[in-house]
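The numbering of the sequence shown is the UniProt record's numbering, which starts it at 1 and goes up by one.
Treat the hints loosely; a few may be bogus.
Stated by the list, open to error - When the alpha-carbon atoms are kept at most 25 Å apart in a straight line, the in silico DMTMM-like pairs for lysine to aspartate or glutamate are as follows: (1) 224 to 165; (2) 29 to 195; (3) 118 to 193; (4) 7 to 165; (5) 86 to 195; (6) 7 to 164; (7) 224 to 6; (8) 7 to 195; (9) 86 to 193; (10) 224 to 117; (11) 224 to 164; (12) 118 to 168; (13) 118 to 4; (14) 224 to 4; (15) 118 to 195; (16) 224 to 168.
The set of hints was computed from the structure by calculation and includes no laboratory data. Please read all numbers here as calculations on a predicted model, not as lab measurements.
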Amino acid sequence: MVSEREKRLGVFFVFVAAVLYSIGGLCIKLIPWHGMSINSGRNLVALLVIGGYLALTRHRPRWNRWIAVGTVCVSGCTILYSVANKMTAAANVIVLQFTAPIFVMLFAALIWRRRPDKLDVAACVVVLLGVACFFVESLESGDMLGNFLSLLSGAMYAVVFLLEDFPDCDPISAIFWGSAVSALTGLPFLLRETEFTPTAVTSLIVLGAFQVGVAFILLTIGLKTTPAVTASLVSGIEPVLNPILVAVFYHETIGPLSLLGAVIVVAGVVGYNVLRARNREAVPAEK
Numbered sequence: 001m002v003s004e005r006e007k008r009l010g011v012f013f014v015f016v017a018a019v020l021y022s023i024g025g026l027c028i029k030l031i032p033w034h035g036m037s038i039n040s041g042r043n044l045v046a047l048l049v050i051g052g053y054l055a056l057t058r059h060r061p062r063w064n065r066w067i068a069v070g071t072v073c074v075s076g077c078t079i080l081y082s083v084a085n086k087m088t089a090a091a092n093v094i095v096l097q098f099t100a101p102i103f104v105m106l107f108a109a110l111i112w113r114r115r116p117d118k119l120d121v122a123a124c125v126v127v128l129l130g131v132a133c134f135f136v137e138s139l140e141s142g143d144m145l146g147n148f149l150s151l152l153s154g155a156m157y158a159v160v161f162l163l164e165d166f167p168d169c170d171p172i173s174a175i176f177w178g179s180a181v182s183a184l185t186g187l188p189f190l191l192r193e194t195e196f197t198p199t200a201v202t203s204l205i206v207l208g209a210f211q212v213g214v215a216f217i218l219l220t221i222g223l224k225t226t227p228a229v230t231a232s233l234v235s236g237i238e239p240v241l242n243p244i245l246v247a248v249f250y251h252e253t254i255g256p257l258s259l260l261g262a263v264i265v266v267a268g269v270v271g272y273n274v275l276r277a278r279n280r281e282a283v284p285a286e287k
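Please put together the full structure from these sequences, using the hints given.
In C-alpha cells, the structure reads:
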C-alpha cells in the first residue's frame with residue numbers, strides 16, 4: 001500500500017523532472033548544430049548519468065518486447081523534439097508536444113479500457129486552455145513538418161508516462177536503451193560538427209546531465225506512485241517555463257495573453273493536485 005507521503009513525493013519528483021525538461025528549448029537554441037547532432041551529444045552525456053544511477057542501485061538493464069516499445073518511444077520523442085526545435089519555433093514545439101495528456105488518456109482508454117474521470121478531463125481542458133493562451137501570440141504556421149514532428153513527439157512522450165503500466169516493463173531500462181539508440185542514431189551527424197564553442201559544449205552537458213539524465217531518472221521514480229494522467233498534467237509546468245527561459249535568454253518576447261496562460265496552467269495543475277488529494281482523503285471517511 002502506497003502512503004500519502006510517498007504519493008506526494010512521487011508528484012514532487014515528476015514536477016522537478018518537468019522543471020528540468022523545461023531548459024531544453026533554450027539550450028538547444030544556443031547550440032549551432034543539427035538537431036540530430038544535439039540529440040546524440042546530449043544522450044551520450046545522459047548515458048553516463050543513467051549508467052551511474054543503474055550502477056549505484058545495482059540495477060542491470062533488462063530487455064523484453066515491452067521495454068522495446070518503451071525504447072522506441074523514448075528515443076523517438078527525444079529525436080523528434082531536438083529536430084523540431086531546429087525546424088520551427090520553440091513555443092510551437094512545446095505547445096504541440098504538450099498534447100501528451102490527451103494521448104495518455106486516449107492510449108489508456110484504447111489499451112486498458114481505462115476511462116478518465118471527470119477531474120482528469122476537466123484538468124486537462126484547463127491546462128490545455130492555458131497552454132493555448134500562452135502560445136497563441138507566437139504559434140504560427142511556421143514549418144508544418146516541424147509542427148507535425150512536435151505533435152508526433154507528444155504522442156511518443158505520452159507512452160513514456162505509461163511505461164509503469166506496461167506488463168513486465170522496466171521503465172529505467174527503456175530510458176537507458178532509448179538514450180543509447182538516440183546517441184547512436186545521431187552520431188554520424190555529431191561527428192561532422194565543427195563549432196565546439198564553450199556555450200555549445202556547456203549547453204550540451206547541461207542538456208545531457210540534467211534535461212535528459214536526471215530528469216528521466218526522477219520521472220521513472222515518480223511514476224512508481226503517480227498515475228500517468230496525473231504525472232502528465234503535473235508536467236504542465238514545462239510548457240510554461242520553456243518559452244519563458246527562451247524569451248529571457250534568447251530574447252523572444254512574451255505578451256500579456258501568454259502571461260495569462262501561464263497563470264491558468266499553474267492554477268490548473270495546483271488545483272488538480274489539491275482536489276485529487278482531498279478526494280483521496282475523503283474516500284476512507286466514507287467507508
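Taking the hints in turn, this is what the structure says about them:
no.: 1; hint: 224 to 165; result: holds (9 Å)
no.: 2; hint: 29 to 195; result: holds (14 Å)
no.: 3; hint: 118 to 193; result: violated (50 Å)
no.: 4; hint: 7 to 165; result: holds (16 Å)
no.: 5; hint: 86 to 195; result: holds (16 Å)
no.: 6; hint: 7 to 164; result: holds (15 Å)
no.: 7; hint: 224 to 6; result: holds (9 Å)
no.: 8; hint: 7 to 195; result: violated (45 Å)
no.: 9; hint: 86 to 193; result: holds (15 Å)
no.: 10; hint: 224 to 117; result: holds (20 Å)
no.: 11; hint: 224 to 164; result: holds (7 Å)
no.: 12; hint: 118 to 168; result: violated (30 Å)
no.: 13; hint: 118 to 4; result: holds (22 Å)
no.: 14; hint: 224 to 4; result: holds (13 Å)
no.: 15; hint: 118 to 195; result: violated (51 Å)
no.: 16; hint: 224 to 168; result: holds (14 Å)
In summary, the numbered hints that this structure violates are 3, 8, 12 and 15.
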